[in-house]
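Line by line, the protein sequences give chains Z and V. Counting in my numbering, the first sequence runs from 1 upward without gaps. Counting in my numbering, the second sequence runs from 1 upward without gaps.
Because the hints were derived from the structure by calculation, they are not lab data. Just so it is clear, the structure is predicted and the values come from calculations on it, not from any experiment. All residues carry an ideal CB built from backbone N, CA and C; glycine is no exception. Heads up, a few of these hints could be off.
Partial selection, computed: residues in chain Z whose CB lies under 8 Å from chain V [unchecked claim]:
hint: 1; residue: 111
hint: 2; residue: 172
hint: 3; residue: 173
hint: 4; residue: 229
2 protein chains.
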Amino acid sequence: MKKVDDMQAQIPEHVSITLVTTMHPGNIGASARAMKTMGVKQLDLVAPNGFPGAEVTARASGADDILAQVRIFENLAAATSDCGYVLGTSARTRNIRWPLISPEQAARQVLRQAHAGTPVAILFGTERTGLSNADLELCHGVIAIPTNPGFSSLNLAAAVQIVCYELRKAAMAKVVTTSTPVRATSAATGEQMQLFYQQLEQYLRDVGFYHPGKPRLLMRRLKRMFNRIQLDQSEYNLLRGILAAADKAGKDNS
Amino acid sequence: MKKVDDMQAQIPEHVSITLVTTMHPGNIGASARAMKTMGVKQLDLVAPNGFPGAEVTARASGADDILAQVRIFENLAAATSDCGYVLGTSARTRNIRWPLISPEQAARQVLRQAHAGTPVAILFGTERTGLSNADLELCHGVIAIPTNPGFSSLNLAAAVQIVCYELRKAAMAKVVTTSTPVRATSAATGEQMQLFYQQLEQYLRDVGFYHPGKPRLLMRRLKRMFNRIQLDQSEYNLLRGILAAADKAGKDNS
């Protein structure tokens with residue numbers, strides 16, 4: 001069931017991850033990998049350092065199709081010229097006076113815009129200093145990635161990973177019809193569980209495990225415990241088999 | 001308003017990120033950085049390759065306090081011996097038959113357990129192959145990180161980043177302290193569960209329940225089942241008592 005949701009989750013190709021003046025080529029590769037694991041396809045680079053290059057490819061770790069499709073722009077204005085919805089990102093939100101939204105809210109908003117046909121760009125600033133005020137002026141809002149106030153130094157590709165992860169979650173939420181996992185084999189029925197408990201109780205009597213005054217309390221505790229497992233059919237059969245073997249072992253010896 | 005939440009968000013120190021036989025030292029450093037950005041403090045390493053080392057420190061990018069506090073273990077059983085709640089992680093869930101939960105659900109569950117005083121470990125497997133079946137046998141559940149079915153190759157530190165991000169989100173949300181009731185007694189530890197499984201296995205040998213060719217398969221199924229219960233101390237004592245009584249019944253008669 002998980003697989004079906006995963007398969008159906010689609011993030012439109014006109015949602016771009018846009019890296020602005022990235023300094024370390026490895027971060028471009030790692031971002032491509034992060035995007036691909038979550039099914040995000042379009043990577044745009046603004047005045048990148050060291051692209052293309054061996055380190056980019058190495059860190060992309062197989063996300064070659066994303067690297068092959070990269071679009072390179074001289075400046076951010078050019079990169080966002082056809083976009084109808086642009087979001088910045090920041091892990092340090094103290095001095096930012098743009099409207100702040102969480103990655104989760106942003107992901108829903110991005111998909112809403114994209115599904116309405118609007119090209120979207122999500123911007124990630126340069127490693128040390130993030131997006132400049134000039135960059136932010138092109139944004140409709142800023143994604144505030146929650147971080148430890150004492151250490152907000154999120155790696156660039158890690159920030160891309162978080163945002164793309166939320167995009168995937170949002171895309172999956174759209175197609176999810178059922179949420180509870182389907183087990184391989186069906187659950188043990190109430191009737192079966194009663195039979196199991198009767199067998200267990202009989203066995204515990206036989207081996208003298210009963211607390212003399214409190215037989216009910218013991219069974220209640222055991223039922224509460226075994227009910228938590230939610231046995232499936234094969235597990236049910238296994239436990240009944242063990243009880244039968246234990247019973248037989250006692251009787252063979254007598 | 002955002003800042004206040006960030007300041008208040010606390011992830012207890014007895015929530016460990018446990019990296020199992022990591023091959024690339026850089027990933028250890030990047031994981032420490034990912035943890036610190038989200039306020040997660042305890043990093044445990046099982047038989048790591050190249051720790052400590054220059055690459056670890058470089059990629060940690062200032063998360064030196066986390067590296068200084070790292071605990072190193074020879075094997076996973078030792079690393080989880082005091083843990084009452086253990087979760088594995090996987091980006092490839094096709095063949096895993098453990099109970100699967102989303103990172104979001106897992107984060108809430110982890111904080112609930114941790115706030116009740118239970119030491120928690122979240123396990124991340126080795127780079128190429130992830131957690132082994134033997135590793136999973138120590139787990140109460142597995143976090144399924146949603147990924148593109150065509151490319152689920154999530155970087156190790158990126159997986160740590162996603163899980164820690166969800167922990168931070170859960171810590172920031174107010175829902176954490178309420179909802180499900182806290183158990184009266186504390187959870188059985190990993191070490192206790194190992195003792196229980198040893199006793200159970202010995203008993204099953206004694207009564208001849210073992211399928212001759214497949215002793216491991218049987219124990220794996222039983223572990224998966226009993227781990228789902230998440231025994232508390234009194235239930236643990238109860239089950240050990242029943243096994244002792246069953247054992248005695250067999251021997252008295254012989």
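Right, here's what the structure says about each hint:
no., hint, verdict
1, 111, "15 Å, violated"
2, 172, "6 Å, holds"
3, 173, "10 Å, violated"
4, 229, "5 Å, holds"
Consistency note: the structure conflicts with the earlier hints numbered 1, 3.
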